[in-house]
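Read off the chains here:
2 protein chains.
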Amino acid sequence: PLHASRRQQRPGRRRRCSGCRRFPEEAAVRSQQESGKMAHEAPFQLLHSELIHYICKSADSTDSENGRSVTKLENLGFRVGQGLIERLTKDTARFKDELDVMKFICKDFWTCVFKKQIDNLRTNHQGIYVLQDNKFLLLCHLSAGKQYLEHAPKYLAFTCGLVRGALSNMGVKSIVTAEVSVMPACKFQVMIQKV
Amino acid sequence: PLHASRRQQRPGRRRRCSGCRRFPEEAAVRSQQESGKMAHEAPFQLLHSELIHYICKSADSTDSENGRSVTKLENLGFRVGQGLIERLTKDTARFKDELDVMKFICKDFWTCVFKKQIDNLRTNHQGIYVLQDNKFLLLCHLSAGKQYLEHAPKYLAFTCGLVRGALSNMGVKSIVTAEVSVMPACKFQVMIQKV
Chain A
1265 PLHASRRQQR PGRRRRCSGC RRFPEEAAVR SQQESGKMAH EAPFQLLHSE
1315 LIHYICKSAD STDSENGRSV TKLENLGFRV GQGLIERLTK DTARFKDELD
1365 VMKFICKDFW TCVFKKQIDN LRTNHQGIYV LQDNKFLLLC HLSAGKQYLE
1415 HAPKYLAFTC GLVRGALSNM GVKSIVTAEV SVMPACKFQV MIQKV
Chain B
1265 PLHASRRQQR PGRRRRCSGC RRFPEEAAVR SQQESGKMAH EAPFQLLHSE
1315 LIHYICKSAD STDSENGRSV TKLENLGFRV GQGLIERLTK DTARFKDELD
1365 VMKFICKDFW TCVFKKQIDN LRTNHQGIYV LQDNKFLLLC HLSAGKQYLE
1415 HAPKYLAFTC GLVRGALSNM GVKSIVTAEV SVMPACKFQV MIQKV
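In the order they appear, the protein sequences are chains A and B. One rule links them: number in our numbering = place in the first sequence (from 1) + 1264. One rule links them: number in our numbering = place in the second sequence (from 1) + 1264.
I should point out that these hints are in silico values taken from the structure, not numbers from a laboratory. Check each hint, because a few of them may be wrong.
Repeated chains share a single entry, so a pair holds when one copy, or any two copies, can fit it.
Claimed, not checked - Calculated pairs, DMTMM-like style, for lysine to aspartate or glutamate (alpha carbon to alpha carbon, straight line, at most 25 Å):
(1) Lys1336 / Glu1314
(2) Lys1354 / Glu1314
(3) Lys1354 / Asp1327
(4) Lys1418 / Glu1314
(5) Lys1437 / Glu1314
(6) Lys1371 / Glu1443
Just chain A, same shape as in the assembly (with noise of 0.2 Å):
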């Protein structure tokens, strides 16, 4: 009954890794590296998955809910944006303007959170920003495709609040959207709130 993970090695069954959804052959090409880049981003993957899961268990149910459900995740979110950038930004110098905001965001922040840059920053110059990652963590255990796009709010809602709260607190009042088209690339919008 001590076996590691007796379920991996049932015979005559071929199973996808549970992190990257690759079959062994095709994840064993994988580095020393990456793999130790997993196992670091998992406790965090993990317990956004369950938060999901907590928070939308009656998912099955009214628009109404599901809305509220979104809502309370996007909240959350806010309070660990606000909580983040508070350490992140510690013991760096003040920024130059809203782009030097935006920039910090897509590079340290996104890299702290999801171990990645952000791919693609755009702006029309006039409080509008558009993220792209093309890979996007907390949707990287999700099939890709379009079989799962339905649920992609959920899986997004958590992460538009943290960056409206890691932005809130450098004093840029924002609305953050989601959009996926293709999993697991997705873009965020942010809409600068003048004031």
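With chain A held as given, fit chain B onto it using these hints.
Just chain B now, with coordinates in the frame of chain A:
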């Protein structure tokens, strides 16, 4: 409005670090490495705090309500522990015996989640193990001393579930409880349930 952290720039007030609760002059002694580590573990730690806040919001309530909150946290931890051990043991060899399993929990598993090993593992060789962590990550943000002792169960329930879930996925059924005498040190007691 774009300062890194205006709150920390307010003059005339001696502020503790929001992470380790030390004053800046003490905190400055921290090595770069330690501060990098701190940022790394922050998302998980903050998410855990907010989870407690969310689940125990009506916390100044009856004992039975508190009990229910603690059970919810424990169950959530259980599922995270299951998921985590599955990833961590994917490439490991079989475990020799129960003690071997416990050592894996104290080293690899603990390091993955809490960024340090268990400081002391004791056993009566009859199915009881005591894991002692002298500086437990999820208690580090509470003030040391006895001030918050009554809140400790909330902060330990998730981890009790985490250990129970991990062991359960390795075929070891157990009861896990926790005990704090002086923050941020704590002991987890694992009682193996023979089947």
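### Query
Which hints, by number, does the structure contradict?
Number 3 only.
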